[in-house]
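Asker: Read off the chains here:
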Amino acid sequence: MNWLKRILRGVFDHLDGWLDAACGPRFNPLVQLGALGWLMFWLIAISGIYVYVFFDTGVEDAYRSVEALTHGQWWAGGIMRSLHRYASDALVVVTILHMLREFAHDRLRGVRWFAWITGLLLIGFIYICGITGYWMVWDQLAQYVAMASSRWLDALPIFSEPISRNFVNNAGLSGRFFTLMAYVHIFAPLAMLAFMWVHIQRYNQAKINPVRGLGIAVTIALVGLALVHPAESQGPANLDALAASVGLDWFYLPLYPLLDVLGAGWLWGLALGIFVALAILPWAPPLKRPPAAVVSLDNCNGCSRCFDDCPYGAITMQPRSDGLPFSQEAVVDPDLCVSCGICAGACPTATPFRRATALVPGIQLPQHDIAGLRDKVQAACSQLQGDPAVVVFRCEHGAAVSPPADGAAAVIDVPCTGMLPPSFIDLVVTKNMAAGVMLAGCHEGSCHERLGVEWTEKRVAGLRDPYLRDRVPRQRVAVSWASPVQWRARRDAMEAFMASLKGGTETLPAQAGQAGKPAWRLPARGLPGAVRPVLQVVLLAAAMWPLGFLSATPEVQLRAANEAVVTLTFSHAGQHQHECKKLSPEELAKLPPNMRRTTGCPRERWPVSIELDLDGKTVFTATRQPAGLWDDGPSSLFERFKVPAGPQQMVVRLRDSGRETGFDYSAEASIDLRPGQNFVIDFRHPDGFILK
Amino acid sequence: MSGIKWRAEFEIGIPDVDHEHRELVDWINQALLASADATQDRDVVLDLLGEIHTKVSAHFALEERVMRERGYDQLREHKQDHELLLDDIRDIMDEYEAGSDSVEERFSERISEWFGLHFRTHDARFHRHLPGSH
Chain A
144 MNWLKRILRG VFDHLDGWLD AACGPRFNPL VQLGALGWLM FWLIAISGIY VYVFFDTGVE
204 DAYRSVEALT HGQWWAGGIM RSLHRYASDA LVVVTILHML REFAHDRLRG VRWFAWITGL
264 LLIGFIYICG ITGYWMVWDQ LAQYVAMASS RWLDALPIFS EPISRNFVNN AGLSGRFFTL
324 MAYVHIFAPL AMLAFMWVHI QRYNQAKINP VRGLGIAVTI ALVGLALVHP AESQGPANLD
384 ALAASVGLDW FYLPLYPLLD VLGAGWLWGL ALGIFVALAI LPWAPPLKRP PAAVVSLDNC
444 NGCSRCFDDC PYGAITMQPR SDGLPFSQEA VVDPDLCVSC GICAGACPTA TPFRRATALV
504 PGIQLPQHDI AGLRDKVQAA CSQLQGDPAV VVFRCEHGAA VSPPADGAAA VIDVPCTGML
564 PPSFIDLVVT KNMAAGVMLA GCHEGSCHER LGVEWTEKRV AGLRDPYLRD RVPRQRVAVS
624 WASPVQWRAR RDAMEAFMAS LKGGTETLPA QAGQAGKPAW RLPARGLPGA VRPVLQVVLL
684 AAAMWPLGFL SATPEVQLRA ANEAVVTLTF SHAGQHQHEC KKLSPEELAK LPPNMRRTTG
744 CPRERWPVSI ELDLDGKTVF TATRQPAGLW DDGPSSLFER FKVPAGPQQM VVRLRDSGRE
804 TGFDYSAEAS IDLRPGQNFV IDFRHPDGFI LK
Chain B
1031 MSGIKWRAEF EIGIPDVDHE HRELVDWINQ ALLASADATQ DRDVVLDLLG EIHTKVSAHF
1091 ALEERVMRER GYDQLREHKQ DHELLLDDIR DIMDEYEAGS DSVEERFSER ISEWFGLHFR
1151 THDARFHRHL PGSH
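Each protein sequence line maps, in turn, to chains A and B. Quick note: the first sequence uses our numbering, first residue 144, plus one each step. Quick note: the second sequence uses our numbering, first residue 1031, plus one each step.
Bound-form chain A, shown alone:
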């Protein structure tokens, strides 16, 4: 499992590097997959509401209304329908990528199990929405989805009568079923929205909107796809026949073809197996759990800065418990804490200038205490020799730091750059313990602790408490954000920063569009300005192509060209196993007074057996037990056989009594099956078999 994680991590890190170069780290879609999922949800909701206005529920009305929408108003309804489909497909893509990315970054441990598990359940919701959506159009694909889903559901022992019996033939199809589907298709997304809200509950400042430019670009791209490759129905459904093939949406229905290969039971096993395997991942070894942050009440005045900055909402402000005349105190929930240390970085008492009393901040990580950090900085600086000499605070999740040949760097590892109180930078720089300080974090767009990069930048720029003091010259403070594979960028930043320290203040790179007093930073080495927009358009188009292609192609073969289908079905209660009999006075006396009746009728029924012969050969026999806890319900069966088209001699027999041999009902027919025809053998009591 860990090798898989490492490979995936490498893939994502490299993709990040390429997309950063093409779009810039802020617009990299891979760092905002969850937010893109939210955008897709809103696009689906808006287009869905529009489509629903023109949608009629009914066996024929459904197809007709969707066709009218697609062709009659292609300029609005058609686009909306296509957008509804492609945004749904894109939702699957971003959700799966989101899951893989969080897995690759191991962001599912500790408190993050909650988002992982609710995310898995959300995937279930996405599929319920998607599958019922395809069902509603009532075209050939809908028919396939209806039949296959019913067959899959019928494998669960919870229905007294197979759902499949709703789809025996056109004559038996009820319009009410579409009303039910419409309800499911509307309420499932509503429930999903509620769950999406739950999904992000444990995060402070969860990102639910992608960067505006990216959101607009993706929306335009999806509308473009809708215009170039409109979503269409695949011919009206016809239960009296079986199409030779049907185009699948491979984002939503990839498991459906397996139904014919594995059977419904195994497919349930497979789906459940995948779910369980994914669900246990947060607790799979190696399970490492560093200790949570601890509060020192003697040093906490309840200023709530740690509460404001905790990315996981692990800190709450509660009424004072120690008698000091403050109103509040910080309280850490160890179950929610991921030990990033960002709280210590926010604490105003975590300053290295504090010497008259012991340096114990109001909140800190026991394994990365601030006093220890001060010792490390002092020890490192006292041995630091070189020109220029730099102190690097390096995030454990980011690229490595290797000091260049000329110059020296002391590297101090921290769980997150957000753990570093800005006063440490003040100390090193203004006391000239080193020529400069570099904050070397992880990837800018996907900070391992979510908000560490942003808080660090803002604290240094004097935009978020605690500020790095104005008096600290920013040309001596650098930031470098780089994932482990971006070690070249890290090396370049290091070299350029050192060169700039040597060269004086003139070489300070301009900070485009940044407010406050930002740190020195090597401008991102992207592609030339003219190439980037072109590349972005190409990338977006390339991302749209699989959405368009896989949403209806390749097709799956449902039957051979010269095959027909025989549907064998019944829902019939067998005869009672025991005759009713007059109750004796003794038996009557045993019954409660309100239940006394003169005759007693045991409820158990006989199982129903059926046998089908084709051209003189028995091709199918089955015995079905009665449904119900008391064996008193109907027995039922729904089976489909593919048979060669052409003349067939058919004999069918059924037994619903306790007789040992022979049958109670039988029928025969000599028919000439057309290719694709669905020939139905149904049994209705007391009429017997209906063959047509």
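Some clues are possibly wrong.
If you want the footprint, here are the derived chain B segments under chain A, 3+ residues with CB under 8 Å [unchecked claim]:
hint, stretch
1, 1113 to 1120
2, 1136 to 1149
In the EDC-like style, the derived pairs of lysine to aspartate or glutamate whose C-alpha atoms are separated by at most 16 Å in a straight line are [claimed, not checked]:
hint, chain 1, residue 1, chain 2, residue 2
3, A, Lys760, A, Glu811
4, A, Lys574, B, Glu1127
5, A, Lys660, A, Asp613
6, A, Lys148, A, Asp297
7, B, Lys1109, A, Glu245
8, A, Lys835, A, Asp249
9, A, Lys574, B, Asp1073
10, B, Lys1035, B, Glu1053
11, A, Lys835, A, Glu811
12, A, Lys574, B, Asp1077
13, A, Lys148, A, Asp249
14, A, Lys574, B, Asp1117
15, A, Lys660, B, Glu1135
16, A, Lys724, A, Glu754
17, A, Lys574, B, Glu1125
18, A, Lys660, B, Asp1124
19, A, Lys574, B, Glu1053
20, A, Lys835, A, Asp825
21, A, Lys574, B, Glu1113
22, B, Lys1109, B, Glu1099
23, A, Lys431, A, Asp478
Facing chain B, according to a computed beta carbon distance under 10 Å, are these residues of chain A, among others [what the hints assert, rightly or not]:
hint, residue
24, Arg207
25, Asn444
26, Arg448
27, Pro468
28, Thr500
29, Ala685
30, Trp688
31, Phe692
32, Ala695
33, Thr696
None of these hints come from the bench; they were simulated from the model. Cβ atoms here follow ideal geometry from the backbone N, Cα and C, with glycine treated the same way.
With chain A's structure known, arrange chain B on it following the hints.
Answerer: Coordinates of chain B only, in the frame set by chain A:
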């Protein structure tokens, strides 16, 4: 050096803030006393200044929280003043460490100015702003 005497007018009526104001005055008096004492080790004074810087930082953090919670309309100006004083304390610390002799004077000047001006104007204004006060 006489130090600062706690006066009733310093009270702004929020127990958290008043408690820390009193504590701060104690620390400041200690530092003033130590810096006036020629026999005192310079490191002791420096450590006291560092301590004051820490306490003032924490105190401002708390005060700003209270102001934010109560929707104080001049939070921005008030906070700017806070940041200025923190900058000044750091300047004074560095100058003292560099061996400047006029630091003691500057410190006591800056502190008296602070208690005079910031307290009387900003903190007092915030006090008046509190509901139930006038």
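Asker: If a hint holds in the structure, say so; if it does not, say that too.
Answerer: Against the structure, the hints:
Counting residues of the stretch 1113 to 1120 of chain B whose CB lies closer than 8 Å to any CB of chain A gives 4, which reaches the minimum of 3, so the coverage claim holds. Counting residues of the stretch 1136 to 1149 of chain B whose beta carbon lies closer than 8 Å to any beta carbon of chain A gives 0, which falls short of the minimum of three for the stated coverage. For the given pair, lysine 760 (chain A) sits about 13 Å from glutamate 811 (chain A) by alpha-carbon distance, which is consistent with the 16 Å threshold. Taking the CA atoms of lysine 574 (chain A) and glutamate 1127 (chain B), the gap is near 10 Å; set against the 16 Å cutoff, the hint holds.
With a C-alpha separation of about 8 Å, the suggested pairing of lysine 660 (chain A) with aspartate 613 (chain A) holds against the 16 Å cut-off. Annotation: proposed proximity of lysine 148 (chain A) to aspartate 297 (chain A) is violated, straight-line Cα distance about 37 Å (limit 16 Å). This hinted pair does not check out: lysine 1109 (chain B) and glutamate 245 (chain A) have alpha carbons roughly 39 Å apart, beyond 16 Å. Proximity of lysine 835 (chain A) to aspartate 249 (chain A) is assessed by CA-CA distance (about 58 Å); at most 16 Å being required, the pair is judged violated.
A distance of roughly 15 Å separates the Cα atoms of lysine 574 (chain A) and aspartate 1073 (chain B); the hinted pair therefore holds under the 16 Å criterion. Only pairs whose Cα atoms come within 16 Å are accepted, and lysine 1035 (chain B) paired with glutamate 1053 (chain B) is accepted, the gap being roughly 12 Å. Restraint check for lysine 835 (chain A) and glutamate 811 (chain A): satisfied, since their Cα atoms lie roughly 11 Å apart, inside the 16 Å limit. Proximity of lysine 574 (chain A) to aspartate 1077 (chain B) is assessed by CA-CA distance (about 15 Å); at most 16 Å being required, the pair is judged to hold.
Of the pairs offered as hints, the one joining lysine 148 (chain A) and aspartate 249 (chain A) holds, with about 8 Å between alpha carbons and a cut-off of 16 Å not exceeded. Straight-line distance between C-alpha atoms of lysine 574 (chain A) and aspartate 1117 (chain B) comes to about 15 Å, which keeps the hinted pair within the 16 Å bound. Of the pairs offered as hints, the one joining lysine 660 (chain A) and glutamate 1135 (chain B) is violated, with about 31 Å between alpha carbons and a cut-off of 16 Å exceeded. About 33 Å separates the Cα atoms of lysine 724 (chain A) and glutamate 754 (chain A), which puts this hinted pair outside 16 Å; it is violated.
For the given pair, lysine 574 (chain A) sits about 11 Å from glutamate 1125 (chain B) by alpha-carbon distance, which is consistent with the 16 Å threshold. Between lysine 660 (chain A) and aspartate 1124 (chain B) the CA atoms are separated by roughly 22 Å; this puts the pair beyond 16 Å, and the hint is violated. For the hint pairing lysine 574 (chain A) with glutamate 1053 (chain B), the CA-to-CA distance comes to about 28 Å; that exceeds 16 Å, so the pair is violated. Only pairs whose Cα atoms come within 16 Å are accepted, and lysine 835 (chain A) paired with aspartate 825 (chain A) is accepted, the gap being roughly 9 Å.
At roughly 20 Å between alpha-carbon atoms, lysine 574 (chain A) and glutamate 1113 (chain B) are farther apart than 16 Å, so this suggested pair is violated. Using a Cα cut-off of 16 Å, the hinted pair lysine 1109 (chain B) and glutamate 1099 (chain B) holds, with the two alpha carbons roughly 14 Å apart. At roughly 13 Å between alpha-carbon atoms, lysine 431 (chain A) and aspartate 478 (chain A) fall within 16 Å of each other, so this suggested pair holds. Proximity of arginine 207 (chain A) to chain B is violated relative to the hint, the smallest CB-CB distance being about 59 Å (cut-off 10 Å).
With a least beta-carbon distance of about 5 Å to chain B, the hint placing asparagine 444 (chain A) at the interface is held under the 10 Å criterion. Look at arginine 448 (chain A): its Cβ gets to within about 6 Å of chain B, closer than 10 Å, so that hint holds up. The beta carbon of proline 468 (chain A) is positioned within 10 Å of a beta carbon in chain B (closest approach about 4 Å), and the interface hint is therefore held. Hint status for threonine 500 (chain A) relative to chain B: holds, with the closest Cβ pair at about 6 Å, below 10 Å.
Residue-level restraint check for alanine 685 (chain A) is violated (minimum Cβ-Cβ distance to chain B is 47 Å; threshold 10 Å). At a threshold of 10 Å, the smallest CB-CB gap from tryptophan 688 (chain A) to chain B is about 50 Å, leaving the interface hint violated. Because the smallest distance between the Cβ of phenylalanine 692 (chain A) and any Cβ of chain B comes to about 53 Å, over 10 Å, the interface hint for this residue is violated. Using the Cβ-Cβ criterion of 10 Å, the hint placing alanine 695 (chain A) at the interface with chain B is not satisfied: the shortest such distance is roughly 55 Å.
Restraint check, threonine 696 (chain A) versus chain B: the minimum CB separation of about 57 Å is more than 10 Å; hint violated.
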